[in-house]
Amino acid sequence: MTDRSLELDDTALVDNPTARVPVALCLDTSGSMDGDPIAELNEGIHHLHASIYGDELARYAAEIAVVTFGSGGVQTHRDFAQATPAPEYHLDAGGLTPMGEAVNRALDLLDARKEAYKATGVDYYQPWLVLMTDGHPTDDVGEAAGRVSALAQARRLTVFPIGIGEDADLDTLARFSPKRPPLRLRGLAFDRFFEWLSRSVQQVSASLPGEEVPLDVDGLRGWGTL
Amino acid sequence: MSLCLRRWVGSARSLRGRLHVRDGLPCQDASRAFAGGTALALVADGAGSAPLAAEGAALVAETVSGLCAEAALWGHPDPGRRILEACRECLQAAAARLDRPLSHLASTLVLVAVRGGRYLALNLGDGVVACLDTGGPRVLLRPRRGEYANQTHFLTGPDPWGHLQVAQGPLDGIRAFAVMSDGAAEGLYRRRDGTLAPALGRLWAWARQGQTPDRVEQALDETLLPLLAARSGDDLSVALLYGLECPAAALEARPLSFRRTVLGVRRSDGLAHRQAVLARRLAGRAPAEAAADLGLSPATVRRHWRALDPLLVARETPPDAPDRPTRTSQ
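These protein sequence lines map, in sequence, to chains A and B. The opening position of the first sequence corresponds to residue 50 in my numbering, with each subsequent residue numbered one higher. The opening position of the second sequence corresponds to residue 370 in my numbering, with each subsequent residue numbered one higher.
If you are wondering where the hints come from, they were derived from the structure by calculation, not from laboratory data. In this text, all values refer to a predicted model and were calculated from it rather than measured experimentally. A few of these clues could be false.
[Stated by the list, open to error] With the C-beta cut set under 10 Å, the calculated list includes, among others, these residues of chain A facing chain B:
#1 54
#2 57
#3 58
#4 237
#5 240
[What the hints assert, rightly or not] Pulled a few chain A residues facing chain B out of the computed Cβ check, cut under 7 Å:
#6 61
#7 62
#8 63
#9 65
#10 67
#11 145
#12 168
#13 170
#14 172
#15 173
#16 174
Where a beta carbon is used, it is the ideal one built from N, C-alpha and C, also for glycine.
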């Protein structure tokens, strides 16, 4: 009996789900984004989907939610889900800038997703929130800014506030980010930003347990300025 | 009820993870197993974010191995706490020597030790301790993580005692243990319901058929760890303790390697003497009678007699089926 080798195959192991990287995009689609900005934003999001879907690890790890504020008020274009090869939604510009309501919506989606992860035994990394606007909010952002700041201070949320164009209200964006000043997008470099975002998500997806993935600060300069 | 021979033996192996190979990192796990007065299996997993992770894990493994081999530890009122203190002291001394922060040597620790019919299991971090008892395979200590996937608790943290999990007690029907790093647990432990993979039960069953520790380590290297590498890019470590046993009267029919391992004798003449003393003992002879029968000095016979004392146990129940459903306990 002792001469027999150990015989095992893959079916004798268990499956555990891939640890998730939840990324909430909270995007300004108000009337001022009409024209080139909204076109470039759509193009950038297309790039984000394609790039994450094309990465073996990030495809299963990254979960993207998209909430917009502007055309149609506050809209949830997609709840947290793995990236599809191309976005299954299209963003149109129009209307006001209800940023506070949109950020609260994104945080509510995030809370629900985290509860779902916990209930099903899915590990997850620190969530990310990307907040992009080209103007001033038209609603009260006090509650939303307070929630985001508290989460960021407690290292429970990584926040990227980004202004688009010269009219973006960076002072308001700064209220959402106690640790990192908001950045202004270089021109309409949405494609560079989403490429950087995709690369950063891929790095987290491929990180080792126990490893802290440093932010790609050099990469930030490719699309943003202080 | 008949007498059987039972010796706890251990095997431990680590495999450098795929992602470590990709990133040019060394294996940052350290694993050890040994048998003697105390049988020990341990895994220390250096933190991926720590610049001296491999060094930290190796220091932890050496410190714990040395400490557990000392009888004094087992007279301590809280051996688990003493082990943690010793690890901290060792890491602090190394950090001072290297002029680095303590966190640069961050490592988890998961271990099980068997001594005198009792076991002690410790888990600080995201490793897993599992055992095989008469009810089948079960989890003894689960991984403990922070909220996020890349967070866990380390020996170098501010309050390792607050995060330490301990299980201890009489062995009773426990026949085998396994400790594993989080990388290995990815394929051996289902997080959703805290159950174990069938692979672990099969490994235990196979090892307990009479495999020597070297043979089990070869099987870890060639079979289990490569399978696990497809499930996780992290370093992979598995350390086992298992009770090798056979009816005392049937020892003669077992292969030489098995007899050497169970009786704890490497030299041929020593093995022959110990087997001969065992045979006389089973025949109801006293040590002095055995010495006369065998033409050995009374001192030699007494030495072999004493060595057999902890190995001879009353046989309880038949070996367990390998693939029974797992149970969890905390």
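Verification of the hints:
1. 54: holds (7 Å)
2. 57: holds (5 Å)
3. 58: holds (7 Å)
4. 237: violated (34 Å)
5. 240: violated (28 Å)
6. 61: Status holds, d = 4 Å.
7. 62: The hint holds - residue 62 of chain A has a Cβ within 7 Å of chain B, the shortest such distance being about 4 Å.
8. 63: With a minimum Cβ separation of about 4 Å from chain B (threshold 7 Å), the hint on residue 63 of chain A holds.
9. 65: holds (5 Å)
10. 67: Hint on residue 67 of chain A: violated, closest Cβ of chain B at ~9 Å, above 7 Å.
11. 145: violated (36 Å)
12. 168: violated (10 Å)
13. 170: holds (3 Å)
14. 172: holds (4 Å)
15. 173: holds (6 Å)
16. 174: Hint holds; residue 174 of chain A Cβ to chain B Cβ min 5 Å, cut 7 Å.
Checked against the numbered hints above, the structure breaks hints 4, 5, 10, 11, 12 and satisfies the rest.
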